[in-house]
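Which chain is which? The protein sequence lines are A and B, in order.
With this note's numbering, the residue at position 143 of the first sequence is 143, and numbering never jumps.
With this note's numbering, the residue at position 433 of the second sequence is 433, and numbering never jumps.
The hints are simulated quantities; they were obtained by calculation from the structure and are not laboratory data.
All C-beta atoms in this analysis are idealised placements derived from N, C-alpha and C, irrespective of residue type, glycine included.
There's no promise every hint is true.
[Claimed, not checked] Just the calculated beta-carbon pair ranges, DEER-fashion:
id : chain 1 : residue 1 : chain 2 : residue 2 : range
1  : B       : N107      : A       : P74       : 50 to 60 Å
2  : B       : E114      : A       : N247      : 58 to 68 Å
3  : B       : D84       : A       : N247      : 55 to 65 Å
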Amino acid sequence: MKEINYITENFGKYDVFSIDSYMDIGGFASLKKVIAMDTEDIATLLTTAKIKGRGGAEYPMGRKWSQAHAVDRPHHCVVCNADEGETCTFKDRELIKNDPFNLIEAIIIAGWAVNAEDGYIYMRAEYGSLRPRLLNAIKQAEERGFLGENILNSGWNYKIHLYSGAGAYVCGEGTALIRSIEGKAGRPRMKPPFMKQSGLFSRPTCIDNVESLSIVPHLLRDAKPYMEMGQGDSIGSKMISVGGNVNRPGVYEMPFGMTVRQIIYDLAGGIQGDRNIRLIQFGGVSGKISDSRVLDVPYTYEDFAKNNLIIGSGSVLVIDERTSVIDFLRYTQDFFLHESCGQCIPCREGNRHIRIFLEKIKDGTYTDEDIKTMKTFAKVMPMSSLCGLGETAQNALKSAFEIFPEVFTSNRQKSMEAVY
Amino acid sequence: MAEMINLTINDLPVTVEKGTKILQAAKQLHIDIPHLCYHPDQRVKARCRICSVEVVGKKRLLAACATECWDGMEVYTDTQVVRDTQRGILQLIMADHEENCLTCPRNGNCVLQELCSRFNIRRPNLTHVGKAIPIKTNNPSLVHDPEKCVKCGRCIRVCKDVQGIEALGFAGRSTNLRVTTPFNDDFTNTDCVLCGQCTVVCPVGALVEKDDTDKVLDAIFDPKKTVIVQTAPSVRVALGDAFGLPDGAVVTKKMVSALKMIGFDKIFDTNYGADLTIAEEATELIDRIKNKKTMPMTTSCCPGWVNFVEKHYPEKIAHLSTTKSPMSIFSRIAKTDYAKQENIAAENIYSVAIMPCIAKKYEAQRPELSMDGIPDTDAVITTRGLIKLIKYIGIDFPNLPENEFDNPMGESTGAGAIFGATGGVMEAALRTAHEWLTGKEMPTLEYTPVRGFEGIKEAKVNLDGNELKIAVVHTLKNAALIMDKLRDGNCDYDFIEVMACPGGCVGGGGQPVTTTFAATKKRIASLYSIDRKSKLRKSHENPYLKKLYAEFLEKPGSEKAHNLLHTHYVGRKKEFEFNK
């Protein structure tokens, strides 16, 4: 198996600053098709393709759209989450960079499907260099009547607005994201109210990831190749970001069902210096870890779930034997300690103390009581935190308890050997 | 009828109205789910997570304060993971908390302390990570000690949602998250008006009032000083709460006994000052109407409200009545007429005020409320401060014998008593103004349109053919609505009463920390019952007031009265200096 070009079909095929060039390769045909379609049919198409949100939460996209459409409140809006903050995740960047018009078309389609008045793109601060091409795409789409008033004579008005974040990881969380757009501090709030009922500016809101949205125009154009790819319930293809100690880090589109080994050794060219794998983290910094025991697991939602892994944002971070498990966990924990918004106690204080315990393990100054306390907090914190950040912050650690029990053993000598 | 739903909590069945949260449903079963950030009068924050409970079918725990019950829901509040969470959260808080309970002002009535005791938190199992953070004390009323803060956000909510001030907010993120003022500046340099509502809702010792009880005891022990005390109307209906008496219990006479035992030389009543305030304010109102001076006139007895106008609407200070507050009028009379009558030098009278308020501490040190460098009021202690003094003396408060206020300044009318409730000043002023203007008593003394807990109440009163349009406002968020109308020129009221705190002084920032809207409403009812039972119900009928005007002040609004009983205001708008 090798890389395929379904979602990435348009990459390099047109001038990303020219709507004419995009239309020459069939751009906006899907939008024209959609305007004639029943909105429920669009959601049904996504449900048939079993597309799950590609940002990390894996929520079924068709269900999300039909629920959003069903909300009987005025002034719906669509938000495109381009706050790609998960570590080792950069697929959305490639999609915006190489195919901005497709994304704009997708956001317009989403707007039509949920009967929205406005679309918002929330793009992470670090992608500032991509702003001009998105703004250009929005402007040209407006000039051609794909945005603005009475789009394609349908009587429907719709606008797209671009917002940039200020660099907080937590703003990828839906409620924090909308607060950031609203001009408030980017801190999550409790749910309910749910986004679909009361989201951005208290309007019914449908939030989708860049990749999830980007699939839609392709699917509307020709769903057949997509439906034929994949394995089991994991239909189609997925953009993955491979990074770490591999020879060819980068973004790849591959059909579901490739094995982890094929991803690492075929697509990414194997490990630098042919070293051994220490660990692999899937789905970004909030994802779970494993080691070479999962090399032959097929990359599907079902197989990953069976192996206590999550696909999440679709990143594959490969760490070779030069880095110890404990150093990796300390790094992960530093990340969350920096990125927690600090509102809720389990996350704010839990991250801090787990970081201290990890330091004690590295130094060999821990007691059995410390290990027990750390395990309790690693369990309690995800159970009780306010938002998804606290819920997933200990995923790496918790999976390390299973995969690398020797690091956390009460035998200090053994643990120290495992640590280094 | 509301839709009812059935659920079980710890296998016990319970039926609740649709929309009920788990926390309230558990209360119905007499189960108290621990909570810290939750406050009955505030929007749910779901931030402390200590109320997390297990719900069958849910992967994660749910916050009981925020989660609505559903039909067939199965809740468990007592499982291992819930216990680990509750204990874990307390351990996490304590690792970042200044563990100095013994010297904390909230020792003995701290929510965190109670929870730690309830969940048997003992030896710390976590590294102590608290950092020293400077305490903010640079003002007469409020102390902010961030090291004790648990970041529950109750203070932020009350400041924003009730008062509309937003002097407090979260800054920073992760472990650097802090509750602080804009630019971490002193309170006096912010929009804060020192109403003290934050000190009532703070569950711990992070926001407390400045404690002046030791200052008062020092004065009591000073043989040169004659220490007199006045008690605000709303203290007598709130004090009992702290001693296990029902909410709103009227404890006036026990309070007098307690004050005598504490060692005050004379026990007087702020209600007497309130009667004087009415006499002056009613005269001022009639004068403003007759001579077409600045209208509408607003009351000025609430120091939080006065601070609010000076800071937020300085161009509108001409609307504030120049009549001093009951506290300040009382103190000035104490140091002039009373001092003369008793043959005591003014500087040897130490005037203590017991107030439901911390902004009164600010008022007391205003230079315009002093004479030859001697402040009219020497010390202000809050209801909470009085509770401390009663406990210090070791008084069995509920079983105290009863005692009467001293004369002459302990005599007052029912009109003075209702000053403590929103609408009370208006009602008291109308009773007097009506009679003075028309020569007739109000048709009904109990003027109900100004009573009740509504944020803004309006009415039209017929005064001798003149229609007076009045408004009664409580909380500063509502006050801002009226002031914006006034600023925009579409405010046609003649007389406006404003109280900064919800419900008026009975819900003041110096009241017991157990104060809620529900308790406040009971206190209001108690004040009206005091009025109803009073022999004299109109301020101008107060016999000592009549005597004072006859022998000392001449008449309400006289030049002498103006010199002694009126004040002026200064615009204090604070613009932030961004270059600092």
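Checked hints:
1. B:N107 / A:P74: 50 to 60 Å: Holds: the Cβ-Cβ distance is about 53 Å, inside 50 to 60 Å.
2. B:E114 / A:N247: 58 to 68 Å: Between B:E114 and A:N247, where Cβ atoms are some 60 Å apart, the hint holds.
3. B:D84 / A:N247: 55 to 65 Å: violated (45 Å)
Of the numbered hints stated above, the single one contradicted by the structure is hint 3.
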